[in-house]
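Trainee: In order, the protein sequence lines correspond to chains A and B.
Residue numbers for the first sequence follow this note's numbering, beginning at 1 and rising by one.
Residue numbers for the second sequence follow this note's numbering, beginning at 1 and rising by one.
Straight-line alpha carbon distances no greater than 20 angstroms define the calculated SDA-like cross-link-like pairs of lysine to any residue that follow:
1) B:10 <-> A:15
2) B:314 <-> A:218
3) A:236 <-> A:296
4) B:316 <-> A:275
5) B:314 <-> A:191
Residues of chain B placed beyond 10 angstroms of chain A at every Cβ, according to the derived structure:
6) 146
7) 270
8) 290
9) 294
In case anyone wonders, no lab produced these hints; they're calculated from the structure.
Where is the CB? At the ideal position from N, CA and C, for every residue including glycine.
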Amino acid sequence: MPKRRDILAIVLIVLPWTLLITVWHQGAINPLLAARKGKSRGGGGQLHINNNKDIVEVVHTEYVYSRPPPWSDVLPTLHVVTPTYSRPVQKAELTRLANTFLHVPNLHWILVEDSPRRTPLVTRLLRETSQNYTHLNVETPRNYKLRGDTRDPRIPRGTMQRNLALRWLRETFSSNNRHSQPGIVYFADDDNTYSLELFEEMRSTRKVSVWPVAFVGGLRYESPKVNTLGKVYGWKTVFDPHRPFAIDMAGFAVNLHLILFKPQAYFKLRGVKGGYQESSLLRELVTLNDLEPKAANCTKVLVWHTRTEKPVLVNEGEKGFTDSNVEI
Amino acid sequence: MATRMKLKLKTVFVLYFMVSLMGLIYALMQLGQRCDCAEHDMPKDRTISRLRGELHRLQEQMRKAEPTKLPQKLAVKPAQPTIYVITPTYTRFVQKAELTRLAQTFLHVPQLHWILVEDSPHKTPLVSGFLASSGLAYTHLHTPTPRDRKLQEGDPSWLKPRGAEQRNEGLRWLREDRRGQPGADTQLGVVYFADDDNTYSLQLFEEMRGTQRVSVWPVGLVGGMRYERPVVEGGKVVRFHTGWRPSRPFPLDMAGFAVSLKLVIANQDACFDGDAPMGFLESSFLQGLVTMDELEPKAENCTKVLVWHTRTEKPKMKREEALQKQGLGSDTAVERIKAR
Numbered sequence: 001m002p003k004r005r006d007i008l009a010i011v012l013i014v015l016p017w018t019l020l021i022t023v024w025h026q027g028a029i030n031p032l033l034a035a036r037k038g039k040s041r042g043g044g045g046q047l048h049i050n051n052n053k054d055i056v057e058v059v060h061t062e063y064v065y066s067r068p069p070p071w072s073d074v075l076p077t078l079h080v081v082t083p084t085y086s087r088p089v090q091k092a093e094l095t096r097l098a099n100t101f102l103h104v105p106n107l108h109w110i111l112v113e114d115s116p117r118r119t120p121l122v123t124r125l126l127r128e129t130s131q132n133y134t135h136l137n138v139e140t141p142r143n144y145k146l147r148g149d150t151r152d153p154r155i156p157r158g159t160m161q162r163n164l165a166l167r168w169l170r171e172t173f174s175s176n177n178r179h180s181q182p183g184i185v186y187f188a189d190d191d192n193t194y195s196l197e198l199f200e201e202m203r204s205t206r207k208v209s210v211w212p213v214a215f216v217g218g219l220r221y222e223s224p225k226v227n228t229l230g231k232v233y234g235w236k237t238v239f240d241p242h243r244p245f246a247i248d249m250a251g252f253a254v255n256l257h258l259i260l261f262k263p264q265a266y267f268k269l270r271g272v273k274g275g276y277q278e279s280s281l282l283r284e285l286v287t288l289n290d291l292e293p294k295a296a297n298c299t300k301v302l303v304w305h306t307r308t309e310k311p312v313l314v315n316e317g318e319k320g321f322t323d324s325n326v327e328i
Numbered sequence: 001m002a003t004r005m006k007l008k009l010k011t012v013f014v015l016y017f018m019v020s021l022m023g024l025i026y027a028l029m030q031l032g033q034r035c036d037c038a039e040h041d042m043p044k045d046r047t048i049s050r051l052r053g054e055l056h057r058l059q060e061q062m063r064k065a066e067p068t069k070l071p072q073k074l075a076v077k078p079a080q081p082t083i084y085v086i087t088p089t090y091t092r093f094v095q096k097a098e099l100t101r102l103a104q105t106f107l108h109v110p111q112l113h114w115i116l117v118e119d120s121p122h123k124t125p126l127v128s129g130f131l132a133s134s135g136l137a138y139t140h141l142h143t144p145t146p147r148d149r150k151l152q153e154g155d156p157s158w159l160k161p162r163g164a165e166q167r168n169e170g171l172r173w174l175r176e177d178r179r180g181q182p183g184a185d186t187q188l189g190v191v192y193f194a195d196d197d198n199t200y201s202l203q204l205f206e207e208m209r210g211t212q213r214v215s216v217w218p219v220g221l222v223g224g225m226r227y228e229r230p231v232v233e234g235g236k237v238v239r240f241h242t243g244w245r246p247s248r249p250f251p252l253d254m255a256g257f258a259v260s261l262k263l264v265i266a267n268q269d270a271c272f273d274g275d276a277p278m279g280f281l282e283s284s285f286l287q288g289l290v291t292m293d294e295l296e297p298k299a300e301n302c303t304k305v306l307v308w309h310t311r312t313e314k315p316k317m318k319r320e321e322a323l324q325k326q327g328l329g330s331d332t333a334v335e336r337i338k339a340r
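Based on the provided sequences and hints, a complete structural model is requested.
Mentor: Put into structure tokens, the structure is as follows:
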């Protein structure tokens, strides 16, 4: 008799602990099971190992396409604003930019020319690519006191074009329709280099997201300072780190709803010190606390601020050696 | 009184036991079941699962579309010639950026095999890691340039021809690889020398695919001009339109021609002469392979520019150097550039 009572007592004591442990494990085991199921291979890779040398050839099948990926109704659209202007390398820059963008799903390219009219070169380039695009143009007023083809030095390059894109976005997307397809706005200059991973990082932007950019500010890269709580508290730059937003144009993306919600926010046209252009827009949209760090808490570089050399056309001479009808 | 109490306690215990047992059974049932998510109400998780579902759906769509594509391809083209692109590269700040955007272009070109040759005594982890995740078919080689042929810091870029050893290494590998695979089909291909800072349009690769011997086309932004090109009359190249030393045997840029694989294999000794004077590197290779009237003009009789000889600026690192002197340089563990 006493044995049974003892057993009963022991069982009753152990039972609630078993219950607690089971409930606690459920939180940990479920995601594990889901992850294992979801690891199916996409894209089909084959590995050939050449026995003679230590060269590994990896043959991937069917990853090539010259059309953008099918449009998804669920993925947020990336509205990429690119100001551009005519110069010899323009077509080359836009060509390789288009080659990059063609890999990104749900990308809407807003190309804004710094010209009084839309040029046939850009029109044709956009038509030939199968990219989803909008072609705009606005001319930056020239300062006639200086040489004919320099822009007004007081207006930083591309400002009027980016502002036009912002205005177009505000006119096209009404903020009343809250359930419209979400969007992210990114300012991509035509000479930078973008990895495909960058676009997926920015897609989850809620307000404004930030990440490191290579080759800016005279450094290997500039990046936001992120604390252990995952919040941005400063800027790791040498050039004026006390700017409100010491970040390059390529280093942040803004949620479309925020753009629509603050219709007065634009890039400041005049009286902007060098390096303060980005701050002139961002300070009207968000505070430091609201910034979302991406790229593994701002430890990976996914965008490079490359600049293309100006080609030296010495042999063209006065009259132009080459046929001007051939478009480059 | 005591028995009454005992009984009450016993009932309580039994009740307690039953409740616990039911709870345990419920928890065990819940294990492995898909969560409702309504109770959790975590918007992030919901978005993630929604996106995952969407991704799955799109992947299924693409997979469904493929079976209809493949039979078509098989019917029309039994073997599309592979384009072997030989690219010499060397470590410098912008290397990873250049390779990234080059790969983004190549990913659009079907049947392309990238032969990337590093100017280095051994394979660098940056390039190895980059190629592995690029999604391209590739071969990773390396060969260092001998010291006396190397450009020193401060030398202008035109002083010594660059990339000759690396391109020769690419050719060597290609010839050896093909030797190990006899058969007429494996000789079907085109070899193109693509530098890592140029810009290529997708149409260029389709133009060069049908090369029988050596095909040529214009190149933009080279030779101090808007473009350089072969002049075509009656479907044949008669001379070259270039502003710099037009008397060269082949006054073309490296990016302005492609050679058929058959020709490369048939001429086992044809290679680039690293000691050739400035601008004669291309001629040193082509001279033994073909004559001017055998050249095949592409790009609408050499009137369209499909490739541009862009060059990337060297980024200014004044502040980095100043910081490093103070011992506060940017974290070198963050890979995307390495100084020479």
